[in-house]
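**Student:** Okay, here's what each chain looks like letter by letter:
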Amino acid sequence: MAAKERIIGGHRGIHDQFPRKGGAAITATHYCPGCGHGILHKLIGEATADLDIQDRCVIMNPVGCSVFAYYYLDCGHVQVAHGRAPAVATGISRAEDDAIAISYQGDGDLASIGLNETIQAANRGEKLAVFFINNSVYGMTGGQMAPTTLIGEVTATTPRGRDPRDTGYPIHMCELLDTLKAPVYIERVSLSDIDHIRKARKAVRNALQIQKEKKGYTFVEFLSPCPTILRLDANGVEKFLNEQMEKEFPLKQFRDKSNEADPIVRRPSDFTKASLDRIFGIASDSAPGASPDLTFKAKNVKIAGFGGQGVLSMGLALAQAAFSTGRYVSWYPDYGPEQRGGTSNCTVVISGEPIGSPVTSEPNILVAFNRPSLEKFAPEIRGGGIILYDTMAGDYQAPDGVRIVPIPALKIAQGKGAQQAINTAMFGALSELGDLGISRESFEKALAQSFAKKPKLVPLNLEIFKLGSEAARKEVGAKLKVAVVAR
Amino acid sequence: MPAQLIAGNSAVIIGAMYAGCDCFFGYPITPASEILHEASKYFPMVGRKFVQAESEEAAINMVYGAASTGHRVLTASSGPGMSLKQEGITYIAGAELPCVIVDINRAGPGLGNIGPEQSDYNQVVKGGGNGCYNNLVLAPNSVQEMCDLTMKAFDLAFKYRNPVVILADGVLGHMVEALKFPDEAYTPSIDTTWAVCGNHETRPNLVTSIELDFSKMEKHNFKLQDKYQKIRENEVQFETYMIGDAEIVLVSFGISSRIAKSVVDAARKEGLKVGLFRPITLFPFPSKELKALADTGCKFISIEMNNGMMREDIRLATGCANVDLVCRYGGRLIELEDIMKKIKEVA
Numbered sequence: 061m062a063a064k065e066r067i068i069g070g071h072r073g074i075h076d077q078f079p080r081k082g083g084a085a086i087t088a089t090h091y092c093p094g095c096g097h098g099i100l101h102k103l104i105g106e107a108t109a110d111l112d113i114q115d116r117c118v119i120m121n122p123v124g125c126s127v128f129a130y131y132y133l134d135c136g137h138v139q140v141a142h143g144r145a146p147a148v149a150t151g152i153s154r155a156e157d158d159a160i161a162i163s164y165q166g167d168g169d170l171a172s173i174g175l176n177e178t179i180q181a182a183n184r185g186e187k188l189a190v191f192f193i194n195n196s197v198y199g200m201t202g203g204q205m206a207p208t209t210l211i212g213e214v215t216a217t218t219p220r221g222r223d224p225r226d227t228g229y230p231i232h233m234c235e236l237l238d239t240l241k242a243p244v245y246i247e248r249v250s251l252s253d254i255d256h257i258r259k260a261r262k263a264v265r266n267a268l269q270i271q272k273e274k275k276g277y278t279f280v281e282f283l284s285p286c287p288t289i290l291r292l293d294a295n296g297v298e299k300f301l302n303e304q305m306e307k308e309f310p311l312k313q314f315r316d317k318s319n320e321a322d323p324i325v326r327r328p329s330d331f332t333k334a335s336l337d338r339i340f341g342i343a344s345d346s347a348p349g350a351s352p353d354l355t356f357k358a359k360n361v362k363i364a365g366f367g368g369q370g371v372l373s374m375g376l377a378l379a380q381a382a383f384s385t386g387r388y389v390s391w392y393p394d395y396g397p398e399q400r401g402g403t404s405n406c407t408v409v410i411s412g413e414p415i416g417s418p419v420t421s422e423p424n425i426l427v428a429f430n431r432p433s434l435e436k437f438a439p440e441i442r443g444g445g446i447i448l449y450d451t452m453a454g455d456y457q458a459p460d461g462v463r464i465v466p467i468p469a470l471k472i473a474q475g476k477g478a479q480q481a482i483n484t485a486m487f488g489a490l491s492e493l494g495d496l497g498i499s500r501e502s503f504e505k506a507l508a509q510s511f512a513k514k515p516k517l518v519p520l521n522l523e524i525f526k527l528g529s530e531a532a533r534k535e536v537g538a539k540l541k542v543a544v545v546a547r
Numbered sequence: 578m579p580a581q582l583i584a585g586n587s588a589v590i591i592g593a594m595y596a597g598c599d600c601f602f603g604y605p606i607t608p609a610s611e612i613l614h615e616a617s618k619y620f621p622m623v624g625r626k627f628v629q630a631e632s633e634e635a636a637i638n639m640v641y642g643a644a645s646t647g648h649r650v651l652t653a654s655s656g657p658g659m660s661l662k663q664e665g666i667t668y669i670a671g672a673e674l675p676c677v678i679v680d681i682n683r684a685g686p687g688l689g690n691i692g693p694e695q696s697d698y699n700q701v702v703k704g705g706g707n708g709c710y711n712n713l714v715l716a717p718n719s720v721q722e723m724c725d726l727t728m729k730a731f732d733l734a735f736k737y738r739n740p741v742v743i744l745a746d747g748v749l750g751h752m753v754e755a756l757k758f759p760d761e762a763y764t765p766s767i768d769t770t771w772a773v774c775g776n777h778e779t780r781p782n783l784v785t786s787i788e789l790d791f792s793k794m795e796k797h798n799f800k801l802q803d804k805y806q807k808i809r810e811n812e813v814q815f816e817t818y819m820i821g822d823a824e825i826v827l828v829s830f831g832i833s834s835r836i837a838k839s840v841v842d843a844a845r846k847e848g849l850k851v852g853l854f855r856p857i858t859l860f861p862f863p864s865k866e867l868k869a870l871a872d873t874g875c876k877f878i879s880i881e882m883n884n885g886m887m888r889e890d891i892r893l894a895t896g897c898a899n900v901d902l903v904c905r906y907g908g909r910l911i912e913l914e915d916i917m918k919k920i921k922e923v924a
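Protein chains in written order, with my numbering: chain A, 61 to 547; chain B, 578 to 924.
Hints are computed from structural coordinates only; laboratory data are not their basis. Every value quoted in this text rests on a predicted model; they were computed, and no experiment measured them. One or more of the hints may lead you astray.
Claimed, not checked - Below, simulated BS3-like cross-link-like pairs (lysine-lysine); rule was C-alpha separation at most 27 Å, straight line:
1. A/Lys312 <-> A/Lys272
2. A/Lys81 <-> B/Lys793
3. A/Lys357 <-> B/Lys757
4. B/Lys703 <-> B/Lys804
5. B/Lys618 <-> A/Lys513
6. B/Lys757 <-> B/Lys736
7. A/Lys333 <-> B/Lys618
8. A/Lys81 <-> B/Lys796
9. B/Lys846 <-> B/Lys919
10. A/Lys436 <-> B/Lys918
11. A/Lys333 <-> B/Lys757
12. B/Lys618 <-> A/Lys81
13. B/Lys757 <-> A/Lys513
14. B/Lys868 <-> B/Lys919
15. B/Lys850 <-> B/Lys876
16. B/Lys850 <-> B/Lys865
17. A/Lys259 <-> A/Lys333
Kindly generate the complete structure, drawing on both the sequences and the hints.
**Tutor:** See the structure below:
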């Protein structure tokens, strides 16, 4: 009869009635008689009340019988996916520095599907109290083998008893976590009888005291009775815990570093615009942006070479130079099967109006740092286009109507003792071709900007830039001369 | 408004931070990793919270946790990672939590490769996890929109208490364009009517998606469906280009729509009456607007880097059985010439 039901011995930290559960028996739990969950709920409820932390506590309600812990415990609750409680708790703890995250999990949830989350949260030393209920079986789903099922134990999925040759051995979570550096407190207790429950009560309080002080990760494992699934009576299940489970899972305080642990305090978030503008450097490094100029004919520039030759950064510098001139620009690094360690290329589009596709199959200008790039992309250059390539690539017959300009870029860079500045020499040569509508000053400024983090390198690179542009001027001049003589 | 050259993945973080995003949880995956890198760099500079999670599942569940506290939360991933996140996303949708998830779509199926594709359309737009739910889905097509739509995504996520997915791709993530920085920075406040923050005010609150009572669970589903209907009625966003007299309308989103726009220009030069319809929201899908276009008698070609996933939605919206498709897979972008060829076939 519902009217006669009452909770024995008071109910600090636990709701007076359980309306979230509903049904007629408003003060009865949904747990089976003799289940360990009821005992542990009471220990946790009392501890949160006595430590005055009910407001701060948020409990992860896991998949399993204890998914409805929120019916009973009087604090904040989040119901979580199977095994993910430590990850969800991490999110809560990081977002709300004062919150006390409690992850209440069974053996299947914690040690099987959620083992990774368990270990990783422990290893990060999250501010998190994990209460681990080990009853050696899956309860809610009907008594299947758990990672903590004893050898020889009969379950729904080990009908002939657990055979380690097929299923391995029981996992010892405390021992496993005790190999990690970050956890502050690890203890295994039992809920088998009054003496054991007293010790369990102390462990719950130790863990929550550490949480109250924000000192980090605590893990308490409870050997817990599941008489329904184990098909045992009160005496039988007590004996099972004390004589069989305890033998496999010895009760022990594995560590308590609460005295030496410092509180983990995270600073509050700063949402001001001034701070954001500062970290993104937009006050010191701003441009007016692009403006339409329909008289400017769009240019597509393909830059290609070996990885490490600065192909991508040269493309970015070119985009920056054009952008500072008020052009619309896009830069796109092409994917290829040879993404790592092979050739690398990028496309820069410079336009007087908003850009459609940032990727083009018909570049106007090709800058090739090596022979493979030259051979791969030169056939794509349209008539009237320009190919700029390193002389090291050897002679190359340009497609009809395409201007081809060899530049000793590598030699120039090596001459200055900076082989890696081959892209700077090429950048200088590109500036000289003059077809892009970008002033030399803009080129130089973009170059300097690309070395913003290594300002010491700017003078050397400006020198190499100049040599590159001179080489291009000479080469173009020579070609023109040849053309005049031939005529 | 100052502007800088910025990569799409960086623009996501800029948008998120100016939108008041407080927490980032993520796991490395190409081509989305730069979002993770940028978050790790910038979030801690202003006391915002960053965790590199142990897995995609852990990342989305950290999002679930932080979202439960009412804070603005972001994660980012790509196809294979999005598949792993589906469990968390259905929990977030079921528990009605706000969050923003960025998908920098790569080529699949399986591990595929790191080139761009738009093949996550179905898993993002149609749900993807268990149960009847919808994400709001925004599809940017420029670096500017990677920032702006991320900001908008947070507003929508909180307006409807629903996950919002930014569906982009490898090109949008890696390309660099001019970005005009946001004019304002948003300072978020916590809605204590539902959030669980670990304080006195929110102690009675509960975040959950479990309901054993069939009738109550059905009622919750009705409520969700009402919400999605409201979203369909109020949040459709799209862009059109030269559709006034168009006889052929290209329908395309994301990076493909940029190529499609270039095709419209090229086709118009040849005297072909071609226009572009670009859905910006994929859920809600601009069905009414496409139906109105269909009623003018125009033909549709869907331009997308997948096997015609959006084409199904165009067919449903317009009632047209033969909507043509130009598509590429495997990381290959759609070529201008292929679209032109199809236009001439259809014309």
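**Student:** All hints are to be evaluated individually against the structure, with a verdict given for each.
**Tutor:** Each hint, compared with the structure:
no., hint, in the structure
1, A/Lys312 <-> A/Lys272, "holds (23 Å)"
2, A/Lys81 <-> B/Lys793, "holds (13 Å)"
3, A/Lys357 <-> B/Lys757, "holds (24 Å)"
4, B/Lys703 <-> B/Lys804, "holds (15 Å)"
5, B/Lys618 <-> A/Lys513, "holds (16 Å)"
6, B/Lys757 <-> B/Lys736, "holds (25 Å)"
7, A/Lys333 <-> B/Lys618, "holds (17 Å)"
8, A/Lys81 <-> B/Lys796, "holds (17 Å)"
9, B/Lys846 <-> B/Lys919, "holds (16 Å)"
10, A/Lys436 <-> B/Lys918, "holds (26 Å)"
11, A/Lys333 <-> B/Lys757, "holds (15 Å)"
12, B/Lys618 <-> A/Lys81, "violated (46 Å)"
13, B/Lys757 <-> A/Lys513, "holds (23 Å)"
14, B/Lys868 <-> B/Lys919, "holds (22 Å)"
15, B/Lys850 <-> B/Lys876, "holds (11 Å)"
16, B/Lys850 <-> B/Lys865, "holds (22 Å)"
17, A/Lys259 <-> A/Lys333, "violated (53 Å)"
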